[in-house]
Amino acid sequence: MESDYVIIGGGVVGLSVAWGLLRRGRSVTVIDGDDGSFRASRGNFGLVWVQSKGMKQPQYARWSQTSAAMWADFAAELGDNTGHTVPLEQKGGYDLHFSEETLHATIDTYETLKTQLDGNYPYDVLGHNALRKEEPHIGPKVVGAILHHQDGHANPLKLLMALATDVRKMGGQVLTGQTVVDVAKPDTFRVTCKDGLTLCADKVVLSAGLGAMQLGPRMGFKAPIRPQRGQVLITEKLPKLINRPSLIARQVDEGGIQIGATNEEVGMDDRVTQPAVSALAGEAIAAYPALARAQLVRSWGALRVLSPDGLPIYQESADMPGAYLVTCHSGITLAAAHARLLPDWLERADIAPNLEVFSENRFDFS
Amino acid sequence: MQKPDLVIVGAGPAGMAAANQAAELGLKVCILDEQSNPGGQIYRDVDRVAPIRGDALGADYTYGTRLTDKLHHANIVHMSGATVWAIEKGFCVSYTQNGRGAQIIADHILLATGALERPMPIPGWTLPGVMTAGAGQILLKQSGVVAQNAVLVGSGPLLYLIACQMLRAGSAPKALIETQTGADTRAALRHLPRALQGWPYLVKGLKMLAAIRRAGVPRYQGTASVSITGTDHVEAVHFMHKGRTKSISCDTVFMHHGVVPNTQAARSLGIAHHWHNAQQAFVPKLDEWGHSDFAGVFIAGDSAGIGGAKTAEAYGKLTALKIAEMTGRLTVGERDRKASPIQRSLSHELAARPFLDTAYPPFNAALTPSDNTLICRCEEVTAGDIRRYTKLGCTGPNQAKAFGRAGMGPCQGRYCGLTVTTLIAKETGQSPDTTGYYRIRPPLKPVTLGEIAAMDITTDESPQ
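Heads up: the protein sequence lines correspond to chains A and B, in order. Those letters in the first sequence? Residues 755 to 1120, per our numbering, in order. Those letters in the second sequence? Residues 13 to 476, per our numbering, in order.
Where hints are given, some of them may not hold.
As the list claims (entries may be wrong) - Taking CB as the label site, the calculated pair distances span:
(1) B/Pro366 with A/Pro971: 49 to 57 Å
(2) B/Glu392 with A/Asn1017: 34 to 42 Å
(3) B/Glu392 with A/Asp827: 47 to 55 Å
Since the hints were made in silico from the structure, they are not lab data. These numbers were taken from a predicted model, which means no experiment stands behind them. All residues carry an ideal CB built from backbone N, CA and C; glycine is no exception.
Build out the structure end to end from the sequences listed, making use of the hints.
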């Protein structure tokens, strides 16, 4: 089989890129894993989020803002093409605070960033009473919140399904249940799977999440990524309780309250633990006391795909020109940018975004 | 509470027998059960009900008091109304009781979580008035409620049992619409010689069939295209019988086509399972003592593979003997000497099983339902949806769950899991083993956030 691009990894990142390339008329083959693969696309929190990102690298804040701004149009197009609506709400999101100190410290860093972004960082600080007008169920322990107007949330599973549907509709080949064992470039690229299947392509995109830890170095990338576990809870479906999302809790379009998330350095272990579940439940109840009576129906652990500084990596291989590493931990937020802008960069178009700050050069020791 | 030697989840026949055997051998046992009274499903609430409705429910039911009596032992702490929602390595067993979360730690754990009725997704099965035969039995056992104008649909001895219990309670079912075929009966005959070693079961079966015949309850065997209709409540059952379409009006439908192991707790620990073709279900991989591939975790009773109450009791005892040997209460020789009569009785108990499994297979049309039939009631997902997700590249139930929410609701896939695996396996041509099962996560049963947040460790505190 031969195509313009082979994309290794059929999660939200890989499918977003595939979707964008197909729209430009490229032929694309996506190689995806099996039912038991670690899948950040299936376990994430679903925020389309701007605030707190890029505090040390304003370009990352800009990239997130760019994607968030394109999201509604991207979701609408996916919905029109596939008949699968991708629920999205972008009316702002909160950073909730339980102490004045942390609230003010955060405001200070946001002000610095706002200057670096030429003032494009629209947020308001809400004291407890102002917050309670917006969120009647907020608890007395919450002293205030930062309401950032560029934040929102989506249904990440519906996004995944819409992408999987539309990529196929546009003629993309998606091979599931596969594991890539080798990538070589004798002339064109040859990507070999475990079952012996070999695919040829002019270019290869490695968007295999944590799978890039093994494959990356063999394709000439540093791929300095690591897993970080996040445990997440979801309750039974409830009447409207939370208006806007926060990192602590959001009410999903189906009605359940999703509660997140831990940050644990435990390697490739995606299990759920009682202490974490209890701590998450406790924090959510502190924010929204009515949640104490809500039934938990499900919890899960999923592994974030993190680079050392938390930023995405977009890198072309020096050893294998035409091979690209695309990896990030914010695949939902960045989906629109990956679908609409990243193909220009892969195609070396004149209008391609400048992604130099996201190259692997930043990990060089000097 | 002092750290127990053994924590048992479930106070049905396997759990109760294991608790008693282990306690007799000096082990400290804690048995956690979500019911308010011991007995499991088969002996549900037997201490309270046997004196008032024992006659209608029969001697096989009242036998349960012999097991519940034995829970009164100095080495046994029986925690009723305790819902286990997480089990982690260690083993930390998290549960809630009376609205309060707590945890018990033990080196050995026995999962005796029993069976679930195999759901029977046929057109109309979600209408009010349609329930599983087991749910009908619960009404009869606990509340003495006997359905009027009821039809029984499906296959298997439990259908005959509930029919007889209804007859004795004075309300005959209107008809038995049975899905096993003549071919099934003929195939079962080759297992008959072995089944004769378990002849008391066959005699009981024949007696039940004779009682149903005497009462004049019509039996339609080898039925096909079974569907249920009604506007907002069941009104009739329709089916094909001997080439003709028939309809029977009714107010209640009891459905049953076998039971399957409840493997959720074992799955949550990552214990290996394999597909049991005759029982069309996953069963955990265990050694002869019920020890799983997760050292220290044992499984006995129907949750280890369907065998019925007496088999469950025997395996519960064997598990207890093995744990007693592992903890130095018995030598290997003593263990084997005590085990040998139990193992002999097991071969008699299990003798009729291949015959019954073959004579009463699950209803094929409900294993791979038609496209419009709901298979996940919690999230309203149809069989056609699952087939569509397979075409979208889903190779297993976890991808299908992400696409369509099947298995995400309050039951966490307990009821739709096997159907989803079977549908995907059929579509992809993979085996059920390759297709796999849902990744099971806590909570094993719904629990409130408040209970979880207030979780405390009670290893040094009396639970009573």
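Here is how each hint holds up against the structure:
1. B/Pro366 with A/Pro971: 49 to 57 Å: holds, 54 Å
2. B/Glu392 with A/Asn1017: 34 to 42 Å: holds, 35 Å
3. B/Glu392 with A/Asp827: 47 to 55 Å: violated, 30 Å
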